[in-house]
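Dock chains B, C and D against the given chain A, drawing on the hints supplied.
There are 4 protein chains.
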Amino acid sequence: MPDFRYPRRVQFAETDLAGIVHFSWMFRYMEEAEHALWRAAGLSVSVRGSEIGWPRVAAPFDFNSLLRSDDEFEDVVRLTEMRTPPALDAHTIVRGTTIIGTGTMTSVCVRYQDDGRMEISTVPDEVRNKLQGVLGDG
Amino acid sequence: MPDFRYPRRVQFAETDLAGIVHFSWMFRYMEEAEHALWRAAGLSVSVRGSEIGWPRVAAPFDFNSLLRSDDEFEDVVRLTEMRTPPALDAHTIVRGTTIIGTGTMTSVCVRYQDDGRMEISTVPDEVRNKLQGVLGDG
Amino acid sequence: MPDFRYPRRVQFAETDLAGIVHFSWMFRYMEEAEHALWRAAGLSVSVRGSEIGWPRVAAPFDFNSLLRSDDEFEDVVRLTEMRTPPALDAHTIVRGTTIIGTGTMTSVCVRYQDDGRMEISTVPDEVRNKLQGVLGDG
Amino acid sequence: MPDFRYPRRVQFAETDLAGIVHFSWMFRYMEEAEHALWRAAGLSVSVRGSEIGWPRVAAPFDFNSLLRSDDEFEDVVRLTEMRTPPALDAHTIVRGTTIIGTGTMTSVCVRYQDDGRMEISTVPDEVRNKLQGVLGDG
Numbered sequence: 001m002p003d004f005r006y007p008r009r010v011q012f013a014e015t016d017l018a019g020i021v022h023f024s025w026m027f028r029y030m031e032e033a034e035h036a037l038w039r040a041a042g043l044s045v046s047v048r049g050s051e052i053g054w055p056r057v058a059a060p061f062d063f064n065s066l067l068r069s070d071d072e073f074e075d076v077v078r079l080t081e082m083r084t085p086p087a088l089d090a091h092t093i094v095r096g097t098t099i100i101g102t103g104t105m106t107s108v109c110v111r112y113q114d115d116g117r118m119e120i121s122t123v124p125d126e127v128r129n130k131l132q133g134v135l136g137d138g
Numbered sequence: 001m002p003d004f005r006y007p008r009r010v011q012f013a014e015t016d017l018a019g020i021v022h023f024s025w026m027f028r029y030m031e032e033a034e035h036a037l038w039r040a041a042g043l044s045v046s047v048r049g050s051e052i053g054w055p056r057v058a059a060p061f062d063f064n065s066l067l068r069s070d071d072e073f074e075d076v077v078r079l080t081e082m083r084t085p086p087a088l089d090a091h092t093i094v095r096g097t098t099i100i101g102t103g104t105m106t107s108v109c110v111r112y113q114d115d116g117r118m119e120i121s122t123v124p125d126e127v128r129n130k131l132q133g134v135l136g137d138g
Numbered sequence: 001m002p003d004f005r006y007p008r009r010v011q012f013a014e015t016d017l018a019g020i021v022h023f024s025w026m027f028r029y030m031e032e033a034e035h036a037l038w039r040a041a042g043l044s045v046s047v048r049g050s051e052i053g054w055p056r057v058a059a060p061f062d063f064n065s066l067l068r069s070d071d072e073f074e075d076v077v078r079l080t081e082m083r084t085p086p087a088l089d090a091h092t093i094v095r096g097t098t099i100i101g102t103g104t105m106t107s108v109c110v111r112y113q114d115d116g117r118m119e120i121s122t123v124p125d126e127v128r129n130k131l132q133g134v135l136g137d138g
Numbered sequence: 001m002p003d004f005r006y007p008r009r010v011q012f013a014e015t016d017l018a019g020i021v022h023f024s025w026m027f028r029y030m031e032e033a034e035h036a037l038w039r040a041a042g043l044s045v046s047v048r049g050s051e052i053g054w055p056r057v058a059a060p061f062d063f064n065s066l067l068r069s070d071d072e073f074e075d076v077v078r079l080t081e082m083r084t085p086p087a088l089d090a091h092t093i094v095r096g097t098t099i100i101g102t103g104t105m106t107s108v109c110v111r112y113q114d115d116g117r118m119e120i121s122t123v124p125d126e127v128r129n130k131l132q133g134v135l136g137d138g
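Chains as they are written, first to last, in the numbering used here: chain A, 1 to 138; chain B, 1 to 138; chain C, 1 to 138; chain D, 1 to 138.
Wrong hints could be hidden among the right ones.
Chain copies aren't distinguished; within one or between two, either way the pair holds.
Claimed, not checked - Pairs of lysine to any residue, SDA-like flavour, derived with a Cα cap of 25 angstroms:
1. Lys130 - Pro55
2. Lys130 - Gly116
3. Lys130 - Arg5
4. Lys130 - Glu119
5. Lys130 - Ala18
6. Lys130 - Asp71
7. Lys130 - Ser50
8. Lys130 - Met82
9. Lys130 - Arg68
10. Lys130 - Trp54
11. Lys130 - Ile99
12. Lys130 - Val10
13. Lys130 - Arg9
14. Lys130 - Phe12
15. Lys130 - Ser46
16. Lys130 - Gln11
17. Lys130 - Glu72
Think of the hints as simulated: they come from the structure by calculation, not from any bench.
This is chain A alone, in the form it adopts within the complex (with noise of 0.2 angstroms):
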């Protein structure tokens, strides 16, 4: 089953006085590429007034290597658990051959209540279903 690349270049303002990408930016990348991923499933996470939610409950990144201003680069997904909560996609980070890092983005679908609060809730067969028919079924 294939995997989802999305290719990005680091931009100036990502990087520190160190002279390398900031750690920080690692996470955001990964959201980047998820959502980039959702939006060829033709799906959106930036619904206004949407009924679901998708707050992070873990994300790990180990880092192997480093990334500089203007790299190109690639993130890597692959989509590893959607049959029950939490939603789980896993990332490799790399520039060409080189490993930069992995890591994981699990969430959970959450249903909003009236007063605000959210409510764990099991992942839409259509959200289910369009990602798989990208990524497949993991």
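Structure of chains B, C and D alone, referenced to chain A:
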């Protein structure tokens, strides 16, 4: 009439590979100071579901000197015009006696319409009075 | 003479609780476009150990309309003055035919001294010629 | 042995369109707290031209609850391993008695080589001793 002083320390992640604070942070420092001033006046810009909002209209900044990681600085804020829209605050960012730069933040007060559009509105009396209670009439 | 167009999509993390792009991102969008223009000219601002740098002198921006998450937009860049310091580029950020805002980025070319200080310098001929090769004389 | 507590307030620009703090900020909060701990020990990670650096090796974070704009919170830091590389600090972000999340930051101490490469090094005695002076032996 007194100025409002917002003390802050530069964080590592706010620097770039040139070893200095990335210029875009000056705009966030100005906003942090503006919101601290609002809190000092017993106000908040972060009210969820508020009927009014404060989008930016203009935000110029002139850079005189540099900030580096760990530097302690202050943003000195002066409120210059609240009677009619737009609302305007003038900022001078200083490190000790060195002027890092000067900027202004011009916002309008808008009232959200049922269809999501924003309509320009006058500054509510309560907001104007509370801010003038902290800073004077400008 | 041709403008340089930098296409971009709004990322989720660039929004704030008002549901729109945080105003500070306009300055990063302008920088991204400026650096893309430099790359198109065969130049880079990200050279480690470079003898010259380009600190900002002024960065005004006027906001006309809003960007929301997932919006596709372009930053249209025009180079307006490279002959003497400062170097200046004018930006118009558009979504389709809607003008989101206009700004300018004024930088000076500096030469790093042995003691770490920066001294204002003329724009190197190579830089000026390559940028004019992409954008014309301004 | 005492923990190190880093107090902080959520800034408006740290929220996203879901009305909560964007998850990527937890990693910056952890770094801010870590660097504040270093300053309390009389150390700095921001030394220009330093022979040593502290790149991240791993940065997991588990999210338990949410932060909103203007919230006051603390990052409670405990140093867990400094004797050999890697250096590791454990973080619990709390708002009052509510745990927002827990994370760890694992770094290695590297020594920059003449060719720009980094070589893993032991933690200098001075760094270890000063940090343990603040936090104890872990």
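Hint by hint, here is what the structure shows:
1. Lys130 - Pro55: within (20 angstroms within a copy, 36 angstroms between copies)
2. Lys130 - Gly116: neither (28 angstroms within a copy, 29 angstroms between copies)
3. Lys130 - Arg5: Only inside one copy: Lys130 and Arg5 sit 17 angstroms apart there, 33 angstroms across copies, limit 25 angstroms.
4. Lys130 - Glu119: within (23 angstroms within a copy, 38 angstroms between copies)
5. Lys130 - Ala18: between (41 angstroms within a copy, 23 angstroms between copies)
6. Lys130 - Asp71: For Lys130 and Asp71, the Cα distance is within 25 angstroms only across copies (21 angstroms; inside one copy 32 angstroms).
7. Lys130 - Ser50: within (18 angstroms within a copy, 35 angstroms between copies)
8. Lys130 - Met82: Within one copy, since 11 angstroms is at most 25 angstroms while 47 angstroms is not.
9. Lys130 - Arg68: between (35 angstroms within a copy, 24 angstroms between copies)
10. Lys130 - Trp54: Within one copy only: 16 angstroms inside, 38 angstroms across.
11. Lys130 - Ile99: The answer is neither: 29 angstroms in one copy and 34 angstroms across copies each exceed 25 angstroms.
12. Lys130 - Val10: Between. Shortest inter-copy distance 22 angstroms satisfies the 25 angstroms Cα cut-off; intra-copy 30 angstroms does not.
13. Lys130 - Arg9: Cα proximity of Lys130 and Arg9: across copies only (22 angstroms, versus 28 angstroms in one copy).
14. Lys130 - Phe12: between (35 angstroms within a copy, 20 angstroms between copies)
15. Lys130 - Ser46: Cα proximity of Lys130 and Ser46: one copy only (16 angstroms, versus 35 angstroms across).
16. Lys130 - Gln11: between (31 angstroms within a copy, 21 angstroms between copies)
17. Lys130 - Glu72: The answer is between: 22 angstroms across copies meets 25 angstroms, while 29 angstroms in one copy does not.
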